Amino acid sequence: MKLREIAHSRTGDKGNTSNISVIAYDAKHYPLLLEQVTADRVKQHFAGVVEGDVVRYELPNISALNFVMDQTLGGGVTRSLALDAHGKSLSSALLDLEIDDGPGS
Amino acid sequence: MMRTIRIGSGAGYSGDRIEPAVELAEKGEIDYLVFECLGERTVALAQQARMKNPESGYEPLLEERMRAVLPLCAAKGIKIVTNMGAANPEAAAKKTAEIARALGLSKLKVAAVVGDDVLDACKANDLPIMEFEGTVKQLGNKLLSANAYLGAEPMAEALTRGADVVITGRASDPALFLAPMVHAFGWAMDDWNLLGQGTVAGHLLECAGQITGGYFADPGYKDIPDLARLGFPIGEVGEDGSLVVTKVPGSGGAVTAQTCKEQLLYEVHDPRRYFQPDVVADFSDVSVEEIAPDRVRINGGRGSKRTDTLKVSVGYVDSFIGEGQISYAGPGALARGRLALDIVRERLKLTGVASSELRFDLIGVDSLHGRQVSAHGNEPYEVRVRVTGRTENLREAVRIGNEVETLYTNGPAGGGGAWKSARDVVAVASVLLPRELARPQVRFVEA
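Just so you know, the protein sequences line up as chains A and B, in that order.
Residue numbers for the first sequence follow our numbering, so the first one is -4 and each next one is one higher.
Residue numbers for the second sequence follow our numbering, so the first one is 605 and each next one is one higher.
Derived from the structure by calculation, the hints contain no laboratory data.
Computed from a prediction, not measured in an experiment: that's the story for all the values here.
Some clues are possibly wrong.
Examples of chain B residues toward chain A, derived with CB under 8 Å [claimed, not checked]: (1) K865; (2) Y870; (3) V892; (4) E894; (5) D922.
To give a feel for the contact side, a few chain A residues facing chain B, derived at Cβ under 10 Å [said to hold, decoys possible]: (6) R5; (7) I18; (8) V44; (9) I57; (10) L85.
Yeah, the Cβ is synthetic: ideal placement off N, Cα and C, and Gly gets one too.
Let the hints inform the model, and build the full structure from the sequences given.
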């Protein structure tokens, strides 16, 4: 299934850095997020978009992850050549990630 | 009994809708109305305007907003706090007092907070730029402005001295909300946990509609009613820092655990260290609980000691950007769009357009996330070619759009709707200024 089925997401911007939250609709899916939505996978998913490091922060209280992606916004929101200079549409791309929910679930 | 104040958030950015703020003043039973209107580079652009006209340089919608809310706020005793002063808080305060007088509200006390302009201090100390190699001085005559993110103290002082309207330039966005809490409850400026929880409240409220269902709806997954009449949020804050986020009953949108969680992490990096001028806030233990329809309780914000520096936003003239677009549709649209990009790529080389960076997009195909991420998309019915480039001067920038426009008669079949632009780019970078070098002051203006 797609990540979109179990989580929602929002993108924020600061300078040349984008952050994307991934929030489980239901706390029972938080372990799936922890296990499968890793910083490495997110970096791979955004090949050609994220030029820098991806760091993941965990927020178990709200069943959420926060990905901070360096060098992602074309040199910075205020000078980028990109159509979506803020990267606001990136969260929707991340929700396209494939999640393996195991046999029988 | 514990005291509680109700703070309404009347704008999440400069161009935001105005009638939700009027609705808050009218029906929100609020004590404070906050307008957050300053984007990252707005102060730099406003500084350019002020250099041309010393009485300008504040938020363009200030007059319209003030006319819309001042009569209601004055009648109900609602205090206004806003960063609509941009590069000229004193002129904004004078204009507001003038509007108040014209509306017959001559008793209104309007205060400006000045001192965020730290250009001289940044030059004198030649501070290093955080985002790239170089210093403030090395920006030379490209340097436009340097404004420190001020904290809640001067705004709280203005309220305590009786201001009905407080107008700042650059201040931290959450601090606009923290100021009424500090004023109303007398919070100590070293009670880090209270300041941390107050910062959580300010952070959640500062983007207005983004916590009541804006920037959220995804049909079939996350549905939100009545976005055309989106209500803006109200924070009910107790003197112990307790917080409930809600909105005007009957307004559009929704306040749910989901909308609050998304906004909690919006523009946050390390949730344990959210740097503010007044505190380093810690969001890692925050909990979110729906207690009634459109009422969400937020607990657990904490904080630790503030840093010795203030973040300063430095505005500078960066470069020029030239751009051109043209559309293709019907069978083969994608191939013709790609051919068009190839032609422009070659033309820019052949004719020697000088650029430091170029970008070739097909809108509808790969313009948002690049060719790799977009590779699995289907053939679209129509595509829009977009070519952008960074240049050192306007003349070169103009040539980029021209090379797209000439596709009309020189490019693939059926190109329509060409459009071009060339503009200068004011960008911002950051420096850290020793805190004591910024000296904010409160100045009252007679209505």
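Status of the hints after comparison with the structure:
Annotation: B:K865 was flagged as interfacial toward chain A, and the flag holds, the nearest CB pair being 5 Å apart, inside 8 Å. Nearest Cβ of chain A to the Cβ of B:Y870: about 4 Å, under the 8 Å cut. The hint holds. Interface restraint check: B:V892 against chain A, minimum CB-CB distance 6 Å, threshold 8 Å, status holds. This hint is violated: B:E894 has a C-beta 12 Å from the nearest C-beta of chain A, more than the 8 Å allowed.
Satisfaction of the interface hint for B:D922 is found here, the shortest Cβ-Cβ separation to chain A being roughly 5 Å, below the 8 Å cut-off. Contact between A:R5 and chain B, as hinted, is supported at the beta carbon level, the nearest pair being about 4 Å apart and thus within 10 Å. For the restraint placing A:I18 at the interface with chain B, the shortest Cβ-Cβ distance is roughly 5 Å, inside the 10 Å limit, so the hint holds. The interface hint given for A:V44 holds, since its Cβ lies 5 Å from the closest Cβ of chain B, which is under the 10 Å cut-off.
Annotation: A:I57 was flagged as interfacial toward chain B, and the flag holds, the nearest CB pair being 5 Å apart, inside 10 Å. About 7 Å separates the beta-carbon of A:L85 from the nearest beta-carbon of chain B, less than 10 Å, and the hint is met.
In summary, the one numbered hint that this structure violates is 4.
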